[in-house]
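Protein chains in written order, with our numbering: chain G, 17 to 311; chain Y, 197 to 610; chain P, 5 to 322.
It should be emphasised that the hints constitute simulated quantities derived from the structure, not laboratory data. One or more hints might be untrue.
[As the list claims (entries may be wrong)] Here are the simulated distance ranges between beta carbons:
{"#": "1", "chain 1": "G", "residue 1": "Ala73", "chain 2": "Y", "residue 2": "Glu469", "range": "21 to 27 Å"}
{"#": "2", "chain 1": "P", "residue 1": "Met202", "chain 2": "G", "residue 2": "Ala105", "range": "54 to 60 Å"}
{"#": "3", "chain 1": "G", "residue 1": "Phe131", "chain 2": "Y", "residue 2": "Glu392", "range": "18 to 24 Å"}
{"#": "4", "chain 1": "G", "residue 1": "Gly111", "chain 2": "Y", "residue 2": "Lys290", "range": "24 to 30 Å"}
{"#": "5", "chain 1": "Y", "residue 1": "Gln333", "chain 2": "P", "residue 2": "Pro151", "range": "20 to 26 Å"}
[Claimed, not checked] Derived DSS-like pairs: lysine-lysine, alpha-carbon spacing no greater than 27 Å straight-line:
{"#": "6", "chain 1": "P", "residue 1": "Lys150", "chain 2": "Y", "residue 2": "Lys314"}
{"#": "7", "chain 1": "Y", "residue 1": "Lys606", "chain 2": "P", "residue 2": "Lys188"}
{"#": "8", "chain 1": "Y", "residue 1": "Lys224", "chain 2": "Y", "residue 2": "Lys493"}
{"#": "9", "chain 1": "G", "residue 1": "Lys142", "chain 2": "Y", "residue 2": "Lys314"}
{"#": "10", "chain 1": "G", "residue 1": "Lys142", "chain 2": "Y", "residue 2": "Lys334"}
{"#": "11", "chain 1": "Y", "residue 1": "Lys572", "chain 2": "Y", "residue 2": "Lys334"}
We treat Cβ as the ideally placed atom computed from N, Cα and C, and that holds for glycine.
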Amino acid sequence: MSFEIFISQFLGGLSVAMLLFLVASGLTLIFGVAKVFNFAHGSFYMLGAYFSYQAIALFDNFWIGAVAAALGAGLVGIALEVCFIRRIAGREEEGAFQILLTYAFILILDDVVKFIWGPAYKTITKPESLAGSLNFGTVTIPTYNLFIIFLGLVIVISAWYVLSRTRMGKIIQAASTDSQMVGVLGVNVSLVMSLVFGVATAMGGLAGAMAAPLRTVAPGTGVEVIIDSLIVVVIGGLGNFWGALFAALLIGEVNAFGILWMPQWASLLSFAVMIVVLIFKPKGLFSQEKGRKKI
Amino acid sequence: MKRKTVSMLSVLLVCFTSTVSFSAETIKIGALYPMSGRGGLYGQDSEAAIKIAVGEVNAKGLPGGKKLEVIVTDDQSKPALAVTLAKRYITEDKVKFLYGVVSSGAALAVTEVSKEYKTIFVGTDHAATDLTANAFQKYYFRVSNNTFQSMAAGAMYMQETKMGGKIAYIGPDYAYGRDQIAELKYSLGKLGVKYEMVGEFWPKLYEPDYTSYITAIIKAKPDVLVSGFWGGDTVAFIKQAKAYGLFNKMKYFHPDGGGNYEVFSTLGAECPEGLIMSARHHNNWPETKENKDFVAKFKKATGRYPSYAAEGAYAGILVIAEAIRKVGNADDTEALIKAMEGMKLHQPEDPAGFTSYIDPKTHQMVQAQAIGVTVKNDKFPPAKYMLGKFKVYPADKIMATQEYIDILIKTKKK
Amino acid sequence: MNKKLDTLVPWLAYFLIFGGMIFVGGEHSIHIAAQIIILGLFALSFNLLFGTTGLLSFGQAIFYGLGAYITGMLAKSFGGDYFVWALLLAPLAAIFLSVLLGALSLRLSDVYFTMLTLAFAQLVWGITVKWSSFTGGDDGIQAIPKPDLLAGGLNYYIFSFIVVTVCIYLLWRLDRSAFGAVLKGIRQNPLRISFTGMSVFRHQLLAYVISSCFTAIAGGLYAGIDRSIHPDMFVWTMSGSIILMTILGGMRSFFGPLIGVAVFVLLEDVVGRSTQYWSFVIGAIMITVVLLFPKGIVGISRNFAGIFAKKGGQVDNP
């Protein structure tokens with residue numbers, strides 16, 4: 017394999033990885049911090065794409081679309097958290113009911129989207145400024161893909177900064193370890209959790225809006241991204257943004273080169289990677305704790 | 197305390213056993229389509245087209261003053277659910293015909309039900325050649341064309357336009373994707389077209405991100421990229437590949453589902469020029485009165501232009517009505533089959549001077565196929581590009597040969 | 005209330021409804037009932053892992069599909085007379101596979117266990133779809149032959165009813181045995197169980213193997229209802245819907261999962277018939293159950309009984 021092919025495949029894998037990470041980042045926040053198994057994360061991704069489509073149809077501006085997607089998905093997320101998820105908090109077998117509840121959200125949101133926007137596919141066009149592509153010799157990379165890579169880096173750095181360098185982040189981390197204790201200290205824990213849920217779903221919505229110019233906006237597209245995102249979150253270690261980023265890179269690049277070497281089996285590689293990682297690092301790649309059960 | 201459990205369960209029992217009675221004045225057709233998710237558009241368009249056809253048939257009248265009634269249920273493209281629904285249609289709703297089905301996997305399961313219950317099944321959308329070949333049974337008919345017809349026409353197009361040389365293929369990783377390239381290779385071989393495969397790529401169905409496939413295809417340097425996607429996957433692939441300049445580096449050839457209208461309506465101005473594609477029905481070809489009328493009626497009823505799925509769903513109802521008129525009733529299944537075998541029916545998609553007919557041997561509708569090239573055309577908004585410069589392939593030249601059917605029987609043993 | 009009556013009533017209701025179907029059910033009702041008891045067996049054996057032992061496997065469809073494919077492919081190649089023999093082989097194959105997968109995945113805890121089981125199932129699903137020369141690919145296998153005695157919906161239903169009833173009875177006995185008590189102990193406090201000198205891992209593995217075994221039988225039986233099988237039976241949504249039905253019905257009650265399956269299948273039949281927005285309706289019903297009945301549908305009948313509330317919701321037996 018020549019160096020050029022390597023670079024071209026590597027850059028392709030990088031942009032796949034960053035989109036994977038964008039979708040998964042919100043999930044790792046909910047999963048790791050709020051301890052909510054949000055099966056419907058993909059539905060917020062889908063919702064974001066539709067909100068963005070609607071806003072662009074009204075205002076004809078891609079960036080207003082992105083803001084609308086994040087705000088809209090975040091608000092829907094907070095509403096669902098306050099109306100439903102909070103009400104089962106602390107219940108015995110809370111986790112199981114979260115699965116049931118968030119799965120119900122998938123069913124409902126799919127139909128709501130179909131009811132409002134119809135079954136036909138929708139499309140979002142890239143903004144003019146990002147529509148071109150850059151050429152380095154024979155290696156081409158679209159500007160929009162570079163923008164996605166940049167956006168992924170911005171998100172991982174700001175998430176790291178907020179969670180580990182600000183007071184708010186420390187409260188969130190503390191609340192995820194021992195919410196009762198934080199509550200005793202006078203922090204409104206349920207407000208914090210609603211906020212975290214809102215931010216996470218807003219990230220899902222933003223990812224949907226950012227991915228839409230490269231994909232199809234259609235009902236049912238939400239469930240298609242959820243399994244890949246789960247893989248990234250789990251390999252990276254729950255709640256670990258750098259871990260999720262690394263996992264997304266791993267999956268993206270393994271796929272990119274797998275397509276060259278074994279195109280027949282490439283679509284199964286993500287699962288194979290997850291199996292190998294979990295067998296050797298049972299709590300994901302970046303966990304401090306010992307993953308294996310002490311028996 | 198337990199009494200409540202028992203009473204609740206007895207309510208379930210009542211639900212089980214209750215049957216609904218229907219008037220004998222209608223002839224029922226049980227249709228199965230996906231109404232939600234990715235394939236939902238095809239189901240919705242089919243339902244709209246069925247309504248138009250049923251309205252026309254009932255206005256014209258059927259023997260004995262009967263009326264057609266079509267029940268449409270969401271099969272979610274799941275084989276197990278489709279079977280359950282098909283059995284319910286037959287045993288409970290007493291339908292005379294099973295109808296529709298988009299997913300080939302579901303259709304293969306439903307055709308078994310049709311055989312078991314001796315109920316005619318008119319397929320309008322699924323394209324697996326198997327159904328009229330190795331999995332054929334006499335109660336099955338298909339009014340839309342199968343992938344073999346598309347790919348045979350594709351091979352003739354390639355021969356005619358001297359496309360060949362290095363070929364790469366990308367298609368969804370399931371039977372529909374695999375059948376297309378196998379059938380194209382077979383037809384190219386028959387025509388003696390020389391080619392060399394330089395890569396086959398198999399992303400999963402509904403793959404969101406094709407970037408790594410695109411870079412790999414560009415590196416394989418094919419002269420022609422043959423594509424086997426459908427629907428949203430075509431849209432996503434084209435959008436992503438365009439930014440990489442893929443369409444300037446090779447010819448893009450997509451002879452079964454590339455030219456579906458929903459691809460053009462979604463891509464709008466982003467559609468590249470010069471892609472070579474076809475579909476099972478075109479809104480702008482043939483330019484006959486029948487086709488223009490059909491498209492206009494659909495637009496009037498729904499406010500949008502039809503995807504390819506609508507025409508098949510429309511034509512199937514006309515076939516059924518014609519058979520009932522010939523036989524005089526809908527109760528004599530064997531006579532209906534005889535009436536449908538060899539039936540000639542002018543469809544919206546028939547070019548001037550040609551009339552589709554049902555092949556008596558395989559029960560496959562024999563249709564012409566037109567392959568075109570994307571050109572600017574905004575007569576069907578929101579599409580900005582449509583196919584043009586059509587080349588037409590005669591219906592009898594693109595049917596699956598007995599030799600190919602034998603190969604399928606030998607290798608697939610359904 | 006009398007304890008003996010307590011255990012008798014659900015069984016009575018089970019026989020009344022699913023046995024009664026044999027005499028009163030129409031063709032469609034029989035078909036639906038067959039689906040309910042077979043998926044019900046799947047859900048009940050899944051609940052041995054989930055509700056009893058506290059292990060959320062997201063990959064039980066692997067054994068369901070395995071059972072279906074072993075039964076279907078063997079019957080297809082050797083003829084309908086071998087259908088029942090093939091059905092007997094299904095659980096044996098499941099034992100081999102589950103010992104292997106269980107040994108690998110039970111080393112992990114919580115969501116990591118869940119995700120590893122998911123990955124295995126998806127891998128097997130992918131191979132089934134890709135290896136089409138052997139498995140028929142995503143088109144599946146149709147026209148699976150059955151012995152003449154089991155042809156026809158009613159005969160096959162009676163056969164399934166007998167097999168399922170025996171399996172449910174075995175699972176029920178297991179649930180109330182000393183072994184079942186250990187499993188419940190593992191769910192509530194694994195540490196305490198290991199203090200008594202018992203191996204948590206070995207008990208979990210055994211539960212995993214038994215559960216998989218019965219799941220394979222359910223899959224094998226399903227191959228005979230429609231006489232067609234598909235890789236869909238392996239895919240994650242299959243495992244997912246069993247999880248949903250189990251929670252919906254009530255995972256702390258032995259018969260809860262069966263009720264969940266019955267309600268789900270009937271809802272799909274009734275709601276799907278009347279509206280294309282079925283998923284909205286079913287979603288709304290699921291939310292209602294979650295919010296109003298913390299113990300699932302079973303809880304509806306128990307809600308007013310107060311007795312269990314005092315026990316803090318630790319209801320393990322029916």
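Consistency of the hints with the structure:
1. Ala73(G) - Glu469(Y): 21 to 27 Å: At 25 Å between Cβs, range holds.
2. Met202(P) - Ala105(G): 54 to 60 Å: violated (34 Å)
3. Phe131(G) - Glu392(Y): 18 to 24 Å: violated (50 Å)
4. Gly111(G) - Lys290(Y): 24 to 30 Å: The hinted range 24 to 30 Å is violated for Gly111(G) and Lys290(Y), with Cβ atoms some 47 Å apart.
5. Gln333(Y) - Pro151(P): 20 to 26 Å: holds (22 Å)
6. Lys150(P) - Lys314(Y): Judged against 27 Å, a Cα distance of about 19 Å means the pair holds.
7. Lys606(Y) - Lys188(P): violated (53 Å)
8. Lys224(Y) - Lys493(Y): holds (24 Å)
9. Lys142(G) - Lys314(Y): violated (53 Å)
10. Lys142(G) - Lys334(Y): violated (51 Å)
11. Lys572(Y) - Lys334(Y): The given pair, whose Cα atoms are some 44 Å apart, is violated under the 27 Å limit.
Of the numbered hints listed earlier, those contradicted by the structure are 2, 3, 4, 7, 9, 10, 11.
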